[in-house]
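*Asks:* Spelled out, the chains give:
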Amino acid sequence: MIRLRDVTVSVPRPLPVLMLVDVSGSMAEDGKLSALNIAMRDMLRAFAEDDEATAEIHVAIIAFGGRTARVHVPLQPARTVTFEALTATGHTPLGAALELVTRIVDDAELIPSRAYRPTIVLVSDGVPTDAWEEPLARLLASPRASKATRLALAVGDDAELDVLERFAGAEYVRRAHEARQLRRFFSFVTMSVTVRSRSSTPNQLEPLPDLGVDDGFDDLLE
Amino acid sequence: MASTTSWSDETIAVFGASVTGPGHRRAGELNQDAWRSGRAHGARWVAVCDGMGSRVHARHGARAATRAARDAVKQWARVPDASSALLVRLVEVLWRLNVAPHPPDACATTCLIGVVQPHGRVTVAALGDGLVAYRDADGDDGRDGRDGRDGRDGRGARFSNETLALGCAHHMNDWFTRSWTPSGSFTLVLATDGISDDVPPERVGVFLDWAGGLASVAPRARGASVRRALHTWPTPGHIDDKTLAILQGAFA
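Line by line, the protein sequences give chains A and B.
According to the UniProt record's numbering, the first sequence holds residues 1 to 222 in order.
According to the UniProt record's numbering, the second sequence holds residues 1 to 252 in order.
Simulated from the structure, these hints should not be mistaken for lab results.
Just so you know, not all the hints are guaranteed correct.
Some chain B residues well away from chain A (every beta-carbon gap over 10 Å; in silico) [unchecked claim]:
1) A13
2) H41
3) R67
4) L94
5) H119
6) R121
7) V122
8) G139
9) D174
10) S185
11) R220
According to the in silico footprint, chain A covers these stretches of chain B (three or more CB under 8 Å from chain A) [claimed, not checked]:
12) 205-217
13) 226-235
Note that the structure is predicted; figures quoted are calculated from it, not measured.
For glycine and all other residues, C-beta sits at the position ideal for the given N, C-alpha and C.
Looking at chain B on its own, in the form it has when it is part of the complex (with noise of 0.2 Å):
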């Protein structure tokens, strides 16, 4: 459908940061999370994802999601009002693609989207734990990967560090979607578990206010004050990996 708003380059804030959790620094191990960002068509898009740890190539499977996604976007952002869900299917076969040789439940991750297209479309997809929150002059929403929208094991039914993820089984519904056109400024937010265990809902709306805020600093030293307050996390005891993105942008 048509839009009658559009951004320029200038009024998209696209930053982020990954840091290697302290159960995996501990160890000896690497960053099992990823994060990537981009322009395709137009579009401005980012990814986050997360490997399962249990997994022996769950790193390998992150990473190949991120390029995953950017090789959808770059099919799916050419023709202005494709659905969400060509844009999972591209998703998923081209993770599969990027995993081979290694078969895909050795490479498990969970994988979330989101794209800004220059019509003014918002386009978010989410596999998995994590948190998608998004703001717009009608409010918030989001989803939280535990949270009963989250496809059939929904809210409550699984613990920590137990979700879907692609290398898993599961259909095409356990996929969030949503596709709308904000008016005037908007921000989207995607964070890993290792964030959104510690951030309860009842908080998610201060969340935003905070992580919009840091779109406030100069552009070259966003990624370096998110990746600062990742390392500092408050929460005691916390673990995971993390990884936070942030897409803030301002309509015409």
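Same shape as in the complex, but just chain A (with noise of 0.2 Å):
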């Protein structure tokens, strides 16, 4: 006699979140890489430890510094990631790393199509430094990857706004002048993510809030 448990798939749908993160030189400054880790960590944490998810939420992160873009954290369920910090060293190569993340979301192979629609994070702090609008351009139209929900977020002054709202829409980009507001980014990421992660409508995204806004409790999160 046939089970339905052997004709069906034993694992939740996934919910993909791609992290692409600058690792320029410059990051290294002012403290905005070691408050990258940190987010970071209690992102990929809390991923992990969603315990109520419906869907199962899945972590790549990719790096882009120095000359190209690599995978720092190849695409796998949050709660199999293991995090090394990550370090910063030389230009700003963002068209290599939308190339990147275009190539992996266009997998079917990792990306199935059961998943949920993925999320991509862009977090920069400078001006690319290579040729990145024909990736950008490529990435809004692929059929696949043009159907992410992106964020960005520039860190610093000289992040290149533009950019980045090319990328994802100008009311889906927040600059971050400080430590806390970085954390708050992350936080909404963290807190969009699971709430769909638990919801009967996870390819629906919340608004992203203004991260500028003191409430008067920063200080408890340190």
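Dock chain to chain to rebuild the complex, using the hints, since each chain is given by itself in its own frame.
*Replies:* Structure representation (structure tokens):
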């Protein structure tokens, strides 16, 4: 006799989150990268401990710095991720990162069609140093990657806001001038993804909050 | 074209069930899938529809589509060799009339239809996500809503809960249609994506075995068997509404 469990898949639908993280040399200044590493670790821990989820959160981290982009953490369930702190050096090859993330999202072996719509989060503090416009156009024209939810964080005053707005659209870009704003952004990403992972409509995204409002409780987050 | 095959009513089994998914149950919302079966001019038919959750009148749209299928088959089956394209056009028009006065885009729904006519021809028509799988003496075949045969937006281009639908922009050639006359016995399974997303393509044949096996219980118990299976769906974290309909028969 055939049992239904022998016919169906035994894992929840994936909810992929792909982090594109600028690790150019300037990220090492003013404690930006150390704040980012802490925020990233907190986010991954929250994803891994999300035991009310109906979808399974999968995470990939793509670091871009020096001459190219590389996969720092391959796409996998958040609970299996071992995060090693990122280090910063060299230029800001955003184009290479966009190429890489488009390839990953377009790969139906890595992200099956039963997955919920992926989220791509871009974090950068500078101006791209490679050709990024064509890779962005390819991402936005891709039948799959163009459907990903895109968020972006400009870290510090030197980040090129226009580039990030072309990536995510103005309403999904925020600027962090200080570490607590960076943490707020990551808190939002964490909250948004975990809410979606428990939702009956996991493809819907909450509006991005204003990071600049001081609610008087920030010191409690230290 | 004339056919020498035929069936008697006793040799056809049509049954199914639809259950509210855990996601809608938790939210206190109603099932947005619908299914319906019936007879018309000697034909037996079944329709399975999945209202798009993001649309405000999705439940109404799915139920309206099953009524549109019923009314379309009633006209279409009068002509033994009418084309599947005519069936599809009737469904499109009748669905729009059925959802009125609501705008079609507020009622968007997938629509899967299977019909077997008394001279032995089986016709399937499907728009949007979900599984249409069939088996006859020539083997297994079918179509998954996300595979490459589903119009312009082919397999891999979409993610979960994104679909073509009545009420969303589409072409007539986005409908998957097939008509054929099986010899011997056949099984046709229609399922919404709450089911098909959790059945990998390589296991559809075993799924057909399982679904076909449900016809072996007493006719009055078949619907309950399907319902029980859908209520105890084994995939971890599943949230979607689920609808499964089976049309099984044997030709002489």
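*Asks:* Decide, hint by hint, whether the structure agrees.
*Replies:* Each hint tested on the structure:
| no. | hint | in the structure |
| --- | --- | --- |
| 1 | A13 | 18 Å, holds |
| 2 | H41 | 35 Å, holds |
| 3 | R67 | 26 Å, holds |
| 4 | L94 | 29 Å, holds |
| 5 | H119 | 33 Å, holds |
| 6 | R121 | 29 Å, holds |
| 7 | V122 | 23 Å, holds |
| 8 | G139 | 18 Å, holds |
| 9 | D174 | 15 Å, holds |
| 10 | S185 | 18 Å, holds |
| 11 | R220 | 21 Å, holds |
| 12 | 205-217 | holds (count 5) |
| 13 | 226-235 | holds (count 5) |
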